[in-house]
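**Q** Here the protein sequences come in this chain order: A and B. For the first sequence, my numbering assigns the number 1 to the initial residue and increments by one for each residue that follows. For the second sequence, my numbering assigns the number 1001 to the initial residue and increments by one for each residue that follows.
Note that these hints are calculated values from the structure, not bench results. A hint or two may mislead.
[Stated by the list, open to error] Cβ pair distances, simulated, as ranges:
hint	chain 1	residue 1	chain 2	residue 2	range
1	A	13	B	1206	38 to 46 Å
2	A	127	B	1183	24 to 32 Å
3	B	1052	A	240	21 to 29 Å
4	A	245	B	1194	50 to 58 Å
5	B	1051	A	126	53 to 61 Å
6	A	161	B	1220	50 to 58 Å
7	B	1104	A	127	52 to 60 Å
8	A	165	B	1051	29 to 37 Å
9	A	172	B	1145	29 to 37 Å
10	B	1149	A	127	51 to 59 Å
[To be verified] Covered stretches of chain A (in silico footprint by chain B; criterion: 3 or more residues with CB under 8 Å from a CB of chain B, positions within the stretch not fixed):
hint	segment
11	53-59
12	85-92
13	180-191
14	293-299
15	304-312
[As the list claims (entries may be wrong)] Straight-line C-alpha distance at most 20 Å; calculated SDA-like pairs for lysine to any residue:
hint	chain 1	residue 1	chain 2	residue 2
16	B	1195	B	1013
17	A	132	B	1218
18	A	186	A	281
19	B	1228	A	293
20	A	281	A	182
21	A	288	A	307
22	A	318	B	1233
23	A	288	B	1229
24	A	281	B	1169
25	B	1152	B	1053
26	A	288	B	1223
27	A	288	B	1053
28	B	1228	A	186
29	A	132	B	1066
30	B	1152	A	183
31	A	110	A	120
32	B	1220	A	318
33	A	130	B	1224
34	A	281	B	1053
35	A	132	B	1225
36	B	1016	A	162
37	B	1224	A	182
38	A	110	B	1225
39	B	1152	A	191
40	B	1016	A	186
Where a beta carbon is used, it is the ideal one built from N, C-alpha and C, also for glycine.
Below are the chains, spelled out letter by letter.
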Amino acid sequence: MSILVYIEQADGAIKKTSLEAISFAKALADKEGGDVTAVALGSIDQGELGKTGSAGAAKVLHVNDEKLNAGVIQAHAAAVAQAFEKVGAKTLVLAKSSLGDAVAARLAIKLNAGLVSNVTDLPDTGSGYKVKRSIYTGKAFAETELSTDNKILAVKKNAIDLKTDGADAAVENFEVSLDESVFAAKITSTDQATGDILLPEADIVVSGGRGMKGPENWNLIEDLAKELGAATGCSKPVSDIGWRPHHEHVGQTGVKVAPTLYVAVGISGAIQHLAGVNSSKYIVVINKDPEAPFFKAADYGIVGDAFEVLPKLTEAVKALK
Amino acid sequence: MKILVCITHVPDTTSKIQFTDNNTKFDKSGVQFIIGPYDDYALARAVELKEQTGGSLTVLNVGEAETEPTIRKALAIGADDAIRVNAFPKDSLFVAKQIAHYAKEGGYDLILMGRESIDFNGGMVHGMVGELLGMPSISPVMKLDIEGSTAKMAREIEGGKEYLEVSLPFIAGCQEPIAEWKIPNMRGIMSARTKPLNVVDAVSDETATSVVEFQLPPAKGDVKLIDKDNVEELVRLLKNEAKVL
Ligand SMILES: Cc1cc2nc3c(=O)[nH]c(=O)nc-3n(C[C@H](O)[C@H](O)[C@H](O)COP(=O)(O)OP(=O)(O)OC[C@H]3O[C@@H](n4cnc5c(N)ncnc54)[C@H](O)[C@@H]3O)c2cc1C
Ligand SMILES: Cc1cc2nc3c(=O)[nH]c(=O)nc-3n(C[C@H](O)[C@H](O)[C@H](O)COP(=O)(O)OP(=O)(O)OC[C@H]3O[C@@H](n4cnc5c(N)ncnc54)[C@H](O)[C@@H]3O)c2cc1C
């Protein structure tokens, strides 16, 4: 039996978190038996579709309809439901994201499937079907039992290592029939930073807080981020005052990141900020106040003035190469 | 316009999370409960929209009697009346089924929720209710205006936003900066005491998930401090010890 994976694209490129979801499904299929079929919506070229194979998919169903390039929630849900039927799948895996969540919720009803989000580990299928998920914004976990036949797992970033050694996936064109009503919500325009590393996907994040004093100093954050190949983030007050755009705001009420390295500069480490970063593997804190609460959540720390430390650190990273 | 806002009753964002009964129950001792922060944004925007267009604003919570102070706070902020579906909110599907039923019964033009609860972080109840009612569901919405029977909004996507238009009725999961949180004033608090809070029964007992056990993350080790004049040492540690560079 196949496990179906819903993959997302941005401008024709498959998202890295979606490839991780394929690797997650592959590990699950290896355990349970069966293989992995991915479903890709919209215009994506063959080479890009091939990446699903290296990540672990045996097959990819491609719905080559440009109306699905944008993330129209209802239309995506309807198309994925048809793929689920076609494959005869019992399990759907996807990456947790702003679109993934919205699509998965509708699919849960369409497919009569139990949905678990923020999944952090492979399911325990020994007796029953238990899945570990992160709750209380990363402050706890819940071992969750699914009682339904059909299941949907929305996987949190870094739940599994991305596979890159799989064989090529067979690409199959897949036609879906979509009612006009699924396009009821019309996307009129998009306004997206291009070429940047997306914050929720980034392996390294450099974030600045109010301690950076003003937007004119952000070049220091950006220089370090560039050397590290990192995305940039910020604390809530920084986006509230408009120093940085809202989609960079990290924390309880913003983006929850799960990078391998999070560098926090001039951020005090309020509990609401920590809630967005507590899934990071390593945390580095740079703050001039040795009593800043962030040091308690950090692996490495430098007590010092950001304006002195940042340029030196950027140089030191550069020197490494 | 008839607006419905669904609110959660959740531990304050500064709460220490602990469990009791062999890690099967949330430990409420010493915990202050609040309106979910995202639901609070939805409520604030609903109050503004009602001021602009007139009509009514109802809040709904699926929860036991303990949630009433939280519901009263929403009434103090500006809702006209409230519905409490008297049941322990067993899981997202259970909650969605109750909301769908009472939302349909009320015939609302606009249903606002938070993008996600801050306890179970599902981010799914709005989509489930949308599918159950055959309505569009859009989340996370960071800007929302109503012009006649059309809603214009901005939805946050990774690295930016997209702009959408949809006809009413529909469901939105809200987040900042859709509106600023509103703090109830004295008049609001006084009038909230006498506003109708209707307690109704659960209409379905269906669930799809149950929590077997709660767990806390392992404790974090001590921070390794590096001298500010020796940043090369930090880079070395990140490369050789943490192996992240
Ligand atoms: C319901 C709720 C939700 C919230 N959600 C979020 C959220 O999602 N994300 C979030 O970030 N916050 C959130 N907050 C706000 C949070 O409580 C804090 O107010 C906020 O995180 C503080 O931001 P900050 O650390 O940038 O600023 P501050 O607390 O002002 O800290 C600035 C830090 O910079 C340091 N500093 C100053 N100058 C320098 C220098 N030259 N070099 C080095 N360090 C320096 C200072 O020592 C200080 O530690 C929320 C609050 C509430 C009530
Ligand atoms: C003390 C306590 C213990 C709980 N224990 C559990 C438990 O063990 N398992 C469990 O699954 N749930 C439990 N809940 C319920 C939980 O708070 C959520 O209501 C429910 O799990 C749905 O969560 P979600 O994260 O999927 O919601 P999301 O999909 O993240 O919520 C999105 C939006 O839907 C609306 N919404 C969600 N829940 C409700 C609600 N109850 N009433 C009205 N609107 C709502 C809000 O607008 C919210 O912002 C408990 C609640 C309390 C108060």
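**Q** Determine for every hint whether it applies to the structure shown.
**A** Structure-based check of each hint:
The hinted window of 38 to 46 Å between residue 13/A and residue 1206/B holds, with their beta carbons roughly 39 Å apart. Distance hint for residue 127/A and residue 1183/B: a CB-CB separation of about 50 Å, inconsistent with the stated range 24 to 32 Å. Distance hint check: the CB atoms of residue 1052/B and residue 240/A are about 24 Å apart, consistent with the given range 21 to 29 Å. Between residue 245/A and residue 1194/B the beta carbon distance is about 43 Å. The supplied range of 50 to 58 Å is therefore violated.
Between residue 1051/B and residue 126/A the Cβ separation comes to about 56 Å, which falls inside the hinted range of 53 to 61 Å. Take residue 161/A and residue 1220/B: their Cβ atoms lie about 23 Å apart, and the range 50 to 58 Å is violated. Take residue 1104/B and residue 127/A: their Cβ atoms lie about 39 Å apart, and the range 52 to 60 Å is violated. Between residue 165/A and residue 1051/B, the C-beta spacing of about 59 Å breaks the proposed range 29 to 37 Å.
The hint said 29 to 37 Å for the Cβ distance between residue 172/A and residue 1145/B, and at roughly 43 Å that hint is violated. Range check, residue 1149/B to residue 127/A: about 52 Å between beta-carbon atoms, so the 51 to 59 Å window is met. Here's how the segment 53-59 of chain A fares: 0 of its residues keep a CB closer than 8 Å to some CB of chain B, so the rule of at least three is not met and the hint is violated. Using a Cβ-Cβ cut-off of 8 Å, 0 residues of the segment 85-92 of chain A lie near chain B, which falls short of the minimum of three, so the contact claim is violated.
Closer than 8 Å: that is the beta-carbon criterion, and the segment 180-191 of chain A has 8 residues meeting it against chain B, so the requirement of 3 holds. Remark: the segment 293-299 of chain A is confirmed as covered by chain B, as 5 of its residues place a Cβ nearer than 8 Å to a Cβ of that chain, reaching the required three. Against chain B, the segment 304-312 of chain A contributes 5 residues with a C-beta closer than 8 Å to a partner C-beta. That satisfies the three-residue criterion, and the hint holds. Taken as a hint, the residue 1195/B and residue 1013/B pair is broken in the structure, with Cα atoms around 28 Å apart against an allowance of 20 Å.
For the hint linking residue 132/A to residue 1218/B, the alpha-carbon distance of about 15 Å falls within 20 Å, and the restraint holds. Distance check on the hinted pair: residue 186/A and residue 281/A sit about 39 Å apart at the alpha-carbon level, beyond 20 Å; violated. With a CA separation close to 18 Å, the supplied pair residue 1228/B and residue 293/A stays within the 20 Å bound. A distance of roughly 40 Å separates the Cα atoms of residue 281/A and residue 182/A; the hinted pair therefore is violated under the 20 Å criterion.
Between residue 288/A and residue 307/A, the direct Cα distance comes to roughly 10 Å. Compliance with the 20 Å bound is thereby established for this hinted pair. At most 20 Å may separate the alpha-carbon atoms for a hinted pair to count; residue 318/A and residue 1233/B meet this at roughly 14 Å. Taking the CA atoms of residue 288/A and residue 1229/B, the gap is near 13 Å; set against the 20 Å cutoff, the hint holds. Between residue 281/A and residue 1169/B the alpha-carbon distance is near 43 Å, which puts this suggested pair outside the 20 Å criterion.
Among the hinted pairs, residue 1152/B with residue 1053/B is consistent with the structure: their alpha-carbon atoms are about 15 Å apart, no more than 20 Å. Between the alpha carbons of residue 288/A and residue 1223/B the distance comes to roughly 15 Å, so the proposed pair stays at or under 20 Å and holds. Restraint check for residue 288/A and residue 1053/B: the C-alpha separation of about 50 Å exceeds 20 Å, so the hint is violated. Of the pairs offered as hints, the one joining residue 1228/B and residue 186/A is violated, with about 52 Å between alpha carbons and a cut-off of 20 Å exceeded.
For the given pair, residue 132/A sits about 28 Å from residue 1066/B by alpha-carbon distance, which is inconsistent with the 20 Å threshold. Proximity of residue 1152/B to residue 183/A is assessed by CA-CA distance (about 15 Å); at most 20 Å being required, the pair is judged to hold. With a C-alpha separation of about 25 Å, the suggested pair residue 110/A and residue 120/A falls outside the 20 Å cut-off, and the hint is violated. Between the alpha carbons of residue 1220/B and residue 318/A the distance comes to roughly 30 Å, so the proposed pair goes past 20 Å and is violated.
Our distance criterion of 20 Å between C-alpha atoms is broken by residue 130/A and residue 1224/B, whose separation comes to about 37 Å. Of the supplied pair hints, the one linking residue 281/A and residue 1053/B is violated, its CA atoms being roughly 48 Å apart against a limit of 20 Å. This hinted pair does not check out: residue 132/A and residue 1225/B have alpha carbons roughly 33 Å apart, beyond 20 Å. Between residue 1016/B and residue 162/A the alpha-carbon distance is near 33 Å, which puts this suggested pair outside the 20 Å criterion.
Simply put, residue 1224/B and residue 182/A have alpha-carbon atoms about 53 Å apart, too far for the 20 Å limit, and the pair is violated. Restraint check for residue 110/A and residue 1225/B: not satisfied, since their Cα atoms lie roughly 52 Å apart, outside the 20 Å limit. A distance of roughly 15 Å separates the Cα atoms of residue 1152/B and residue 191/A; the hinted pair therefore holds under the 20 Å criterion. For a cut-off of 20 Å, the pair hint linking residue 1016/B to residue 186/A is broken: about 42 Å separates their Cα positions.
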